[in-house]
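A.B. asks: All chains should be modelled from the sequences, with the hints used to inform the complete structure.
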Amino acid sequence: MTVRLTKDLRSPATGEPSPATGKDAVPAQPTDAPATGAVPAASGEAGEVRGRAARGGDELVRVTDLTKLFPVRRGTLVRRSTGAVRAVDGVGFAIDRGTTLGLVGESGSGKSTTGRLISRLLEPTSGSVVFDGRDISHLSTRELRPMRRDIQMIFQDPYSSLNPRHTIGAIVAAPLRIQKQTPRGGIRARVRELLELVGLNPEHYNRYPNEFSGGQRQRIGIARALATRPKLIIADEPVSALDVSIRAQIINLLDGLRTEFGLTYLFIAHDLSMVRHISDRVAVMYLGQIIELADRTDLFSGALHPYTHALLSAVPIPDPTSHHRRERIRLRDEVPSPLNPPVACRFHPRCWKAQEICRTEAPPLRERAPGHQVACHFPEKRDVV
Amino acid sequence: MTAPPGEMMVESVTAPAVVPTEGRSLWRSGWIRLRRDKPAMISGTFLILLALIAIFAPVIVALLGHPPNEPHYDLLDPNTATPRGRFGGMSWHYLLGVEPVNGRDIFSRTVYGARVSLLVALLATATAVIIGTVLGMLAGYLGGLWDTIIARLMDLLLSVPSVLFAIAIVAVIPNKAFGLSGSSLRIGVLVFVIGIFAWPYIGRIVRGQVLSLREREFIEASRSLGAGTFTVMFRELLPNVAAPVLVYATLLIPTNILNEAALSYLGVGVRPPTASWGDSLAVASHGWYSIEPIFMLAPGLAIFATVLAFNLLGDGLRDAFDPRGGR
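Read top to bottom, the protein sequences are chains A and B.
Residue numbers 750 to 1134, in our numbering, belong to the letters of the first sequence in order.
Residue numbers 542 to 868, in our numbering, belong to the letters of the second sequence in order.
Don't read these hints as lab results, they were simulated from the structure.
We treat Cβ as the ideally placed atom computed from N, Cα and C, and that holds for glycine.
Computed from the model, here is a short list of chain B residues facing chain A with C-beta under 10 Å:
| no. | residue |
| --- | --- |
| 1 | L567 |
| 2 | E756 |
| 3 | F759 |
| 4 | L766 |
| 5 | G767 |
| 6 | A768 |
| 7 | R776 |
| 8 | L779 |
| 9 | P780 |
| 10 | A784 |
Here chain B is said to cover these stretches of chain A; the calculated rule only asks that three of the stretch's residues, wherever they fall, bring their Cβ under 8 Å from a Cβ of chain B:
| no. | segment |
| --- | --- |
| 11 | 890 to 896 |
| 12 | 899 to 907 |
| 13 | 916 to 929 |
C.D. replies: Structure follows, in structure tokens:
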């Protein structure tokens, strides 16, 4: 088993594009959105729809104008709403079946909230989440239950995402138990199969999480996510808490599982280097909004938004000569508070290209090239990597 | 970023072939730690013996004493109503002597007193644990209005003078109520009163634990699998609060033994002639302790030893199942 798995995992590591990437990267038909972006597209949303349709994608998830406000309450006796954190503010994207969307942003950018809105751990304030043709944005807990087997999550912290008082077997069997699914051959056999699938010894069925390392625990979390054979897996920074030496293994495992089971991923990360390997498309978030959304190759070779440039310049390059040659973009100041975000373009206080219009008018997310959307008044290709 | 593929195999095949497949659960590893704790183990043994004594009180008394309510006026000095002979009339037939006034066997009454004390303390603690755990979990997990109501209720109960409340309740409860009568009704009332005022101690601890557990991702994981409030509370949260609840329940038992003794002492406990440590202390304290110290020492030492043993065991359990011990 291990041998086969290792072989499976090695092929994505060579950097060859997966079939899905290949299909996605080819613009099948010219879209009516001009590549230069001189003529404004109708709206970012419409542009995205056209772009997707043009490539003949089969959508699994479509998120439209998704917004989540967290009210801030003050007062000890009488709690009044004194404002709201706009954690996610008008986010829209779609994920095709069998592909991976990388969602990147700093802490506080709303990327994890977006993931929790799609998995409906949170209910959106407005906007919609359409999963597999069904609007799930306001379903009740009861209506959600059968749908939950199709959307599973992998969590960031492998230490807090496993109940320390449950055995590995109980943890991995929990989805089947809660969903009242009894697989062929029984739950126990299925759990052993899942443990083997993620590269763990199925004999460890009766052990407790504290006996495993961080990487192994994350594998247990992955086995749990796979138990109900989901269609979509939302991976919320699945490798951020792991040792650097373990990260590649987990990413390779996820990539191998995607090919094996035709999974669709929403892969959330705070760092572009982590999504580079696994994503077909990448969305960059800043203060609750998507500021750039493009195919992976387009984004890494031709990013248009200054914030993406800054993120890209922070990605380490294994080649020392080019590492010294390239310029490192350092952003001014910290990320502003999402409680009171800057008006108009939210990035303008930190942007070196900001003009008057950036302070008065919010740039819409527009399609500047086929499948490449950016929310900036002054988009520009720049060679940072 | 690029690790050699072989490394994955190293990580996944950490366990050599001989490693046992059964993991060490919290309870197993806690028990291993507890076994090394001498005071706790001695206390535990003592408490098991005491429980056996309470359960088999009729057998023990039949072998070593006399019926607990049987008077022995022939053993008393008719002038002073005190036992004849030295040390309160201690002999092979009356191991701890006899009571003044009516000459009842002190040994038998102390053995029977363990029944009432332990029964009331254990039932009251069980009541407190059940109410406290359920309401504490509800308050901590649901939050909002639930939390406000339950937390205020706990504050309220902790600020009520429970002893006065107990006296008032006993005064208004008739001889027969709720299908119970006599001593069993009194025991029921004691359990209710002590339990109702003790659950907030458990409730606060559970609420605090749940507040910190609630933020852990395994709760979100369970919810994202479709688990409802009930499943999350009893399958995910309860196993994590069980250890601290066990520890504080063990520490609550001695408090409740003292509460029962205090209420019996004040005359609102079980009715005479039912033997109870608190009642014996109360009678002995009416001036008899200076003449017949054994009359007071027997129930007093029994309470002291039991309370001490429960406290030592509780401390041992806390060390063994230290909430910070393992993740």
